[in-house]
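Peer 1: Sequence:
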Amino acid sequence: MKLLTAIVCISLGFSAAAFGATIEGDGQGEVRVIPMKATPEPDEVEVRIAFPEQGEVKTENPVTTQLRLEAYPLGFASDFPRAREIRDNDEGQAVHIILDGKKHFDINEAIDDIAENEEIDFDQILEMKIPYKLTPGIHVLRAFPVRSFGESLKGPSCFDAIYFYFGKADSKPSIDLSKPYLTYNSPEGEYKSGQPILLDFYLTNTQLSQDGYKVRLIIDGTDKRILTQWVPYYIYGLKKGSHTIKLELLDPKGSVIPPLFDDLHQTITVR
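All the letters of the sequence shown, read from the start, carry residue numbers 0 to 270 under numbering that gives the first Met the number 0.
Hints may be right or wrong, so weigh each one.
[To be verified] Derived lysine to aspartate or glutamate pairs resembling EDC-like cross-links, with alpha carbons at most 16 Å apart:
| # | residue 1 | residue 2 |
| --- | --- | --- |
| 1 | K252 | D219 |
| 2 | K153 | E43 |
| 3 | K238 | D210 |
| 4 | K245 | D219 |
[To be verified] Simulated DEER-style distance windows between Cβ atoms:
| # | residue 1 | residue 2 | range |
| --- | --- | --- | --- |
| 5 | T266 | E90 | 18 to 24 Å |
| 6 | E90 | K128 | 16 to 22 Å |
| 7 | S177 | P61 | 27 to 33 Å |
| 8 | H264 | S208 | 20 to 26 Å |
| 9 | K171 | S192 | 45 to 51 Å |
| 10 | K167 | P39 | 21 to 27 Å |
| 11 | K191 | K171 | 43 to 49 Å |
| 12 | P61 | P179 | 37 to 43 Å |
| 13 | A49 | V255 | 29 to 35 Å |
| 14 | K238 | P172 | 26 to 32 Å |
These aren't lab readings, by the way, just hints derived from the structure by calculation.
Virtual Cβ for every residue (Gly too), placed ideally from N, Cα, C.
Build the full structure now, drawing on both the sequences and the hints.
Peer 2: Okay, here's the thing in structure tokens:
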């Protein structure tokens, strides 16, 4: 597998290190993981969780979340070549919202347009009842916009996270959102055989580099690769059937940083 990757990279005029994907294990047959350029995104995009507020105590289910979104139209297809290369969602661009380590839910329609003129007509208020029954204790909400083909926007204002409580507040939060952590985004669900599969994640409070923090990708438990660039990746060559995808954030010494929740893995199906 090392030789195969080297041949692929050399034929394209790049080294594996320049790509930002090095192989830690023997690899899995013909599986390749190739870093891609991020889809262009405007600097003005911003998402903020307005409610619940940080540290707020909620006492009744369901809990409603409200967000502010600027300069990002929802419900429209993302008009980029990538939409024709990988799986695309007919429901268009959306904001992914994650409660704790549960499966994300999406908002792809605003409840109110708060624009004052056509130049900012994508400033929006988003609102949705959290589709999970909350249990007493601390909870975390994370939100970030995604393209219709699933790629997350990675600008400095394109991610927000807050903690709140249900029932009763703790004297001291048990979760520290100021530390480095990963948020898993893609892949998930089902994919067509022969089509590249998007690997995507959101990185918070750190950067990736050859000699600093890194991400370890583990495919089917044995195929391990080290990623040193925060970009979208394409996975090629997964055979038909079920596959597990797992991510780990590594510190500069190579130790695994415990995730916020046990949610950095998915089982996907290739048909």
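Peer 1: So, against the hints stated earlier in the document, which numbers end up violated here?
Peer 2: When the structure is compared with the hints, numbers 1, 3, 10, 12, 14 turn out to be violated.
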